[in-house]
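J.: Chains as they are written, first to last, in this note's numbering: chain V, -3 to 290; chain B, 1412 to 1757.
Check the hints yourself; a few may be wrong.
Stated by the list, open to error - According to the in silico footprint, chain V covers these stretches of chain B (three or more CB under 8 Å from chain V):
#1 1609 to 1617
#2 1622 to 1632
#3 1748 to 1754
It should be emphasised that the hints constitute simulated quantities derived from the structure, not laboratory data. In this text, a Cβ means the ideal position worked out from N, Cα and C, and glycines have one as well.
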Amino acid sequence: MDAAANRAGLRFDDRLERLKLFGLASPAILLILAILVIPVGWLFHVSFIGADGNFSLENYERMLARKSYARIFRTTFEVGFLTTGLCVLIGYPLAYFISGLPGRLANLCLITVLLPFWTSLLVRTYAWLVLLQKRGLVNDWAISLGLWDEPIKIVHNMTGNLIGMVHIMLPFLILPVYGAMRSIDRDYMKAAANLGAGPNRAFWTVFFPLTLPGLFAGSLMVFILCLGFFVTPAVLGGGKVIMVSMKIVSNIELFVNWGAASALGVVLLVLTMLILWIASRFLNLERITAGGGN
Amino acid sequence: MRTTAILAITTALAATPATAMNKSVTIASWGGSYQEAQSKALFEPAAAATGIEVKQETYGGMSDVRLQVSSRRVTLDIVASGSGSAARAAAEGLLEPLDYDIIDVSTFYPTLYTEHCVGGDVFSTVYAWNTDTYGNNGPRSWADFFDVEKFPGSRAYRGKVAGALEGALMADGVAPENVYRVLDSEAGIERAIDKIRELKPHIAVFWTSGAQHAQLMKDGEVDMTSGWNGRFDNAKKDGGRVAYSFDQALLDYDCFAIPKGAPNKDVAMEFLAEISKPRYQDDLPKYITYGPTNKAAYETGVITAAQAAGLPSSPENAARQLPVSLEWYAKWETIADELYQEMLTE
Chain V
-3 MDAAANRAGL RFDDRLERLK LFGLASPAIL LILAILVIPV GWLFHVSFIG ADGNFSLENY
57 ERMLARKSYA RIFRTTFEVG FLTTGLCVLI GYPLAYFISG LPGRLANLCL ITVLLPFWTS
117 LLVRTYAWLV LLQKRGLVND WAISLGLWDE PIKIVHNMTG NLIGMVHIML PFLILPVYGA
177 MRSIDRDYMK AAANLGAGPN RAFWTVFFPL TLPGLFAGSL MVFILCLGFF VTPAVLGGGK
237 VIMVSMKIVS NIELFVNWGA ASALGVVLLV LTMLILWIAS RFLNLERITA GGGN
Chain B
1412 MRTTAILAIT TALAATPATA MNKSVTIASW GGSYQEAQSK ALFEPAAAAT GIEVKQETYG
1472 GMSDVRLQVS SRRVTLDIVA SGSGSAARAA AEGLLEPLDY DIIDVSTFYP TLYTEHCVGG
1532 DVFSTVYAWN TDTYGNNGPR SWADFFDVEK FPGSRAYRGK VAGALEGALM ADGVAPENVY
1592 RVLDSEAGIE RAIDKIRELK PHIAVFWTSG AQHAQLMKDG EVDMTSGWNG RFDNAKKDGG
1652 RVAYSFDQAL LDYDCFAIPK GAPNKDVAME FLAEISKPRY QDDLPKYITY GPTNKAAYET
1712 GVITAAQAAG LPSSPENAAR QLPVSLEWYA KWETIADELY QEMLTE
């Protein structure tokens, strides 16, 4: 058998292999097509239909004409960034702490992180309302301890909303970060120390960069999930923190057609994809989400 | 959904087998202490008397009906709705016309039923205050509600435009009888919204449901709020420190309608005829302080004089209030709410 025939045979095997893999993946591909691509396409289509049922740009024109839409989008992304930032500030040190614990203790700590995760979002949100309100536990205790004299406003505003959202989103950040930290060989740190790096330098030049894939994956998940939040801002925001999802609901109630609401969904989708695209220009998304350290 | 199941069982037990089997209606209302009152006073006894099986649901208002009708998958036979949204829904063609040969409205207040919606109860949008904060010297007008110097303290106000502009205009010096005339232009609507804009730094919460504003008062979270009178009475019954006044309140009514294409339209009509009778309506005030729409309900002897004095529709209380204009809501609500949302997001 000559080399050319051999190469052709190998190519054929390769193609067959890929075809088989595609066959295996096809149920998933069909599912994604059915539950993601088609509905999003439909959403896009509906957003261009006006109140009279014909093609129209009125749903987009309205967004430009009224200032409230720009403000609502700003609030939405602000909440997304702030929640993500706070989750990183709180979650990263916690994940670091847990990853250094011996096995059983670490598991116990992880369970305490996960336990609220398994409780209904609605219940947790209302629990925060009870805790944070003017005559709630937090204000009552702080006043009786003399921390402050008058009840402070920590709910029915952005503060309350962020407290609730950070609490709900923390596990989404801690778990991937913790996973990344566990997979790091701690001997690297010893090697760094051996080469003369202090604990600080060893952490920042060796450990921290290795956790970045987990950190980015977690942050991305938190950020994207935040953009669609409805219940928490509606309950803890006191009607003052208005996010896109809430506007979508009020537009469905207010206008006769679905287009007014669909257009909001389309703009949110496009803006989110734009942000991801910008992020991917600066960070190598594929490498990050692949979780590899190569 | 558990209440639905229990109710279905109790009604099935109560019904006489001969008439019971195939007749059933699905009713959607607003939930909370309001639907509980409707259920006890109207739905359950009427179901027992007619043998019609009642399935109860809660819903999100006429937007749900709009969705069902436009997708031609109507599951609701009867919906409880605010009069204003019912008027809009009717104008959009989402509701069946009611048959007043079947539903007897001869003793109804003439303004409390329309071609597509028959009144179920009369309520008021009032200002309420915390009696711990203000004692017996509570606000006496919308002007007082908007006056944070005379009445320092935090406020709550509605997060939607319905029932929000009238009080603001009265606070701005417009006489109640001129309110809807002034509101009949974008400039007039802006004038009312500007008044709320002024109060906004003191508005701690923009509420979105009756259960919410009742809870805000019960918890002492705010010192004053606008809201629906019956919810405050129930909050007071639960130990809330809350009082309200009918002076300058907005007199409004809830009604029952049948969505276009309802699966059990004829049974629904029969059921509406039943619950519109005085013998059911006179029970409603026992559970929530909303008045009957059928005048004859005052004459059955069930509503005591003391009870009547506390109802929004008693002649003395009604005279102190501004009746809500359905025409105004049909014409302006969408535009006004958009302008209102501008103010909310500032």
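J.: List, from low to high, the hint numbers that the structure doesn't satisfy.
T.: Going through the list in order, the structure violates no hint and respects every one.
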